[in-house]
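Fit chain B to the given chain A structure using the hints.
Residue numbers (the numbering used here), protein chains in the order written: chain A, 1 to 450; chain B, 1 to 450.
The set of hints was computed from the structure by calculation and includes no laboratory data. Note that the coordinates shown come from a computational prediction; the quantities given were computed from them, not determined experimentally. Treat each hint with caution, since some may be false.
The calculated DSSO-like cross-link candidates involving lysine-lysine, where the alpha carbons are at most 27 Å apart (straight line), are [what the hints assert, rightly or not]:
| no. | chain 1 | residue 1 | chain 2 | residue 2 |
| --- | --- | --- | --- | --- |
| 1 | B | K364 | B | K56 |
| 2 | A | K408 | B | K315 |
| 3 | B | K390 | B | K293 |
| 4 | A | K364 | B | K390 |
| 5 | A | K117 | B | K408 |
| 6 | B | K20 | B | K315 |
| 7 | B | K364 | A | K364 |
| 8 | B | K283 | A | K364 |
| 9 | A | K52 | A | K117 |
| 10 | B | K117 | A | K416 |
| 11 | B | K447 | A | K447 |
| 12 | B | K225 | B | K291 |
| 13 | A | K390 | A | K20 |
| 14 | A | K408 | B | K408 |
| 15 | A | K315 | B | K364 |
| 16 | B | K206 | B | K56 |
| 17 | A | K408 | B | K387 |
| 18 | A | K315 | A | K387 |
| 19 | A | K283 | A | K233 |
| 20 | A | K46 | A | K36 |
| 21 | A | K283 | A | K293 |
| 22 | B | K316 | B | K387 |
| 23 | B | K36 | B | K206 |
| 24 | A | K117 | B | K416 |
| 25 | B | K233 | B | K283 |
| 26 | B | K291 | A | K316 |
| 27 | A | K364 | B | K206 |
| 28 | A | K447 | B | K408 |
| 29 | A | K283 | B | K364 |
2 protein chains.
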Amino acid sequence: MFNLVIQGSYFTINPNDYQKINFIQNALIVIDHSGKIDRILQPNDKDYSLIKQQAKNKDLLITLNNDQFILPGFIDLHIHAAQWPQIGTALDRPLQQWLNDYTFPLEASFSDLDLAKNTYQDLVHTLLSYGTTTAVMFGTVNNEPNQILAKQCIQQGLRAFIGKVVMDNPDQCPQYYRDENISTAINQTKQFIEFTDELNSNNAIKITPVITPRFIPSCTIECLKVLGDLASKNNLPIQTHLSESNWENDYALSTYNQPDTHILQAANLLNDRTILAHATQLKSSDYNILKDKHSSIAHCPISNIYFGNAVLPVKKLLNNGNQVGLGTDISGGYSPSLYRNLQQAVMSSRLLNDGVNNEICAAKRGVPNSQITMNEAFYLATAGGAKALKLPTGQIKPGYLADLQVVKLHTSAMLKSANDYLERLIYQTEQNDIQAVFVQGQLVVNKINL
Amino acid sequence: MFNLVIQGSYFTINPNDYQKINFIQNALIVIDHSGKIDRILQPNDKDYSLIKQQAKNKDLLITLNNDQFILPGFIDLHIHAAQWPQIGTALDRPLQQWLNDYTFPLEASFSDLDLAKNTYQDLVHTLLSYGTTTAVMFGTVNNEPNQILAKQCIQQGLRAFIGKVVMDNPDQCPQYYRDENISTAINQTKQFIEFTDELNSNNAIKITPVITPRFIPSCTIECLKVLGDLASKNNLPIQTHLSESNWENDYALSTYNQPDTHILQAANLLNDRTILAHATQLKSSDYNILKDKHSSIAHCPISNIYFGNAVLPVKKLLNNGNQVGLGTDISGGYSPSLYRNLQQAVMSSRLLNDGVNNEICAAKRGVPNSQITMNEAFYLATAGGAKALKLPTGQIKPGYLADLQVVKLHTSAMLKSANDYLERLIYQTEQNDIQAVFVQGQLVVNKINL
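So here's chain A without its partners, still in its complex pose (with noise of 0.2 Å):
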């Protein structure tokens, strides 16, 4: 039996082609107790009528209007959640700047837990109304402030994967924020694993913890290697940075005298299960380590122009057969919106394409067939996000969790076609315009009095 029938028209990538999406009008999207999709009916399908009048009669049919947009919920694979308070200020210094004057400060106060709690409460809530429904985040080195966070994302119904960030390297962390030694930075990433396996006993989102090394200026090889095999053991996700800047490239290369990628590998930290941010320094010669681990590349568009030195080759990736979805990097990248990235990814891409420079000529300007379609972009959101974190959810179908955003159109008018609809649906939405939102079937945001 249903527990919530939607009805309304919705995008969803085509899974057999990610070029493509499939645009469904005036559907039936029937949502299980166990809060799955079970099924989608169209207008001919023989119980589309039946099912429509039983919903209707126990108050469980919602039926949006014809400006109204179904969409799958966005998937954000990189936030830095304690970084939400600097949001959109201080971009106009260098990453590592911004880090030691900035970010590592701002990150140590939530020692302080009411900034904590207010803070996250804020961003949790931010994050869901723009339409976000699963989340990858960095926390603190600090538990306490974790804990809060996890439960901010219960409270509010937020599916998150959450991360004990962990920094031991004396030589680049500051003395007021990194863990003492490696077994305070193991002890405490296995006391927030079990905190969330706590957690999670009552509650059906769930959150997932992360095996969280911040970057390979912030930790020992040593460290490295005993989280590579926590993370083995317990079948954890994994999420660091890698190859985002210029200096993040060049200190591993001088430090160690090989690339960041080949670290990670070697500490046993690139699996399936890997979550690799920015990676826009990333040599086209090391692709093939990602693909063949299975590990994904969160592109972070907006954060990459102030922080990656150069635009992500997301076509060259996708053409290699490497896994990529998207992140808004908070707060390296000014939006908590993925709408926004969407629209940078595309952007991004095309300058990338045609380059940048006006006195080299055309010919020579840029890198020929680099240019993603909204289309991709909308892929890298959604259906490339769940891949990456081997979840049902991206996708409006049978089976897949019913993770939806309901979207007005911001500047209505009658369009061609169904891609022109879902261009200006990404190119315009802001805030306002998404009008509820679900997580596994609960709603959790709700403007329309649904």
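For chain B alone, coordinates are given in the frame of chain A:
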């Protein structure tokens, strides 16, 4: 005497140094009956309490909250009004195809005057509600829709510069959408000038007619010359496109064996009232032509990504003493918001600075010293645009027009500096955050029951 007093904190460009922003807290902005800022008082000025009390007694005082800020109204130097119905769609086509398959048919369809009225009503409302108080627009070849546009601007209180679009070259313009010959083009242009003269006689907010040859491909050389004469004789502003894309730029070179800048100059179309959209492919050897003529560039950073084939080197132009403002280029750009274009102006400048192709070594990847700050972007959308139009607006200071927007912080927080607040305002403001807009002292958008 005053007509209105607004008590609040505001940001405005430092008129002596456009890289700096002044932040004045808890000021009284005193607006006279003509819609000009008469004076600005700060809390320690001796008349502060007196004026505040007088305004209060007459019910002419508006007092803002701590999370509300006043900014100058923005100036959009480049809009195609008749492209509004296709905003945010079909952006994956190259310029020439986009024009012939989408844009020209749409503009031609405005001979349906109901479509024109509904579209322009929505467009003008939208621009105002995004904080744009002065707009420079291309209308259509046909004149009746242009008159409807002018009336809508007057009715809703948007200060507008509007041009009847001239397209008389039968080789490049479709038969269904062009001026029959030069004399039709000129007569229709004159007719629109007369129409606005009459319209302006009754209204405080004025419509300025603009001489508007679409671009070099669409006009015959003879027609350009007659338009140049008409502009001089009537002392009218001029708007056109300049070196927008590889295609447009190459058209002038291959057809006339000279860049479009030289053709416009020969036709007497470059002067201190000329607005040139894009200029993305303008060679730096021609910068001094524009500088000597005091002509302005309308930088359209979002649109340029789709159609410009390079990033406009804004920093180099500013350093060279060229005059630059900002435009949305609706609908080449997908957003009606100058906030979004401010963001992209900063981001595109950083991509030009750092370069985009990670296969080139960091030292050779970008064009050093190309980065603009948020303050410089803010200048483009305010004082820069005002300078291009020779208008006393774009700054909050006595003697200037009271074109103002009241904006609420999208994400509230205690930030470290005034600059942090401005950065967050520019990076995060969405339509819903712009709570009130004044044009020439008239309240034209009011979401907070002022």
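Please work out if K315/A and K364/B have their alpha carbons no farther apart than 27 Å.
holds, 23 Å
For a C-alpha distance cap of 27 Å, please report whether K283/A and K233/A respect it.
violated, 30 Å
Restraint status (C-alpha distance of K117/B to K416/A at most 27 Å)
Holds, at roughly 21 Å.
For the pair supplied as a hint, K315/A and K387/A, is the alpha-carbon distance within the 27 Å limit?
holds, 17 Å
Check whether the Cα positions of K408/A and K387/B lie no farther apart than 27 Å.
Not satisfied, since the Cα-Cα distance of roughly 38 Å exceeds 27 Å.
Verify the proposed pairing of K316/B with K387/B, using a straight-line Cα cut of 27 Å.
holds, 18 Å
What's the verdict on K225/B and K291/B, does the C-alpha distance respect the 27 Å limit or exceed it?
holds, 21 Å
For K364/B and K364/A, compute the direct alpha-carbon distance and say whether it is at most 27 Å.
holds, 14 Å
K46/A and K36/A: Cα distance at most 27 Å?
holds, 22 Å
Given the hint that K390/A pairs with K20/A, test it: the Cα-Cα distance must not exceed 27 Å.
holds, 21 Å
Are the Cα atoms of K20/B and K315/B separated by 27 Å or less?
Measuring from Cα to Cα gives roughly 15 Å; hence the hint holds.
Restraint check for K408/A with K408/B, where alpha carbons must lie at most 27 Å apart
holds, 23 Å
The structure does not agree with the numbered hints 1, 2, 4, 9, 16, 17, 19, 25, 26 and 27 stated previously, though it agrees with the rest.
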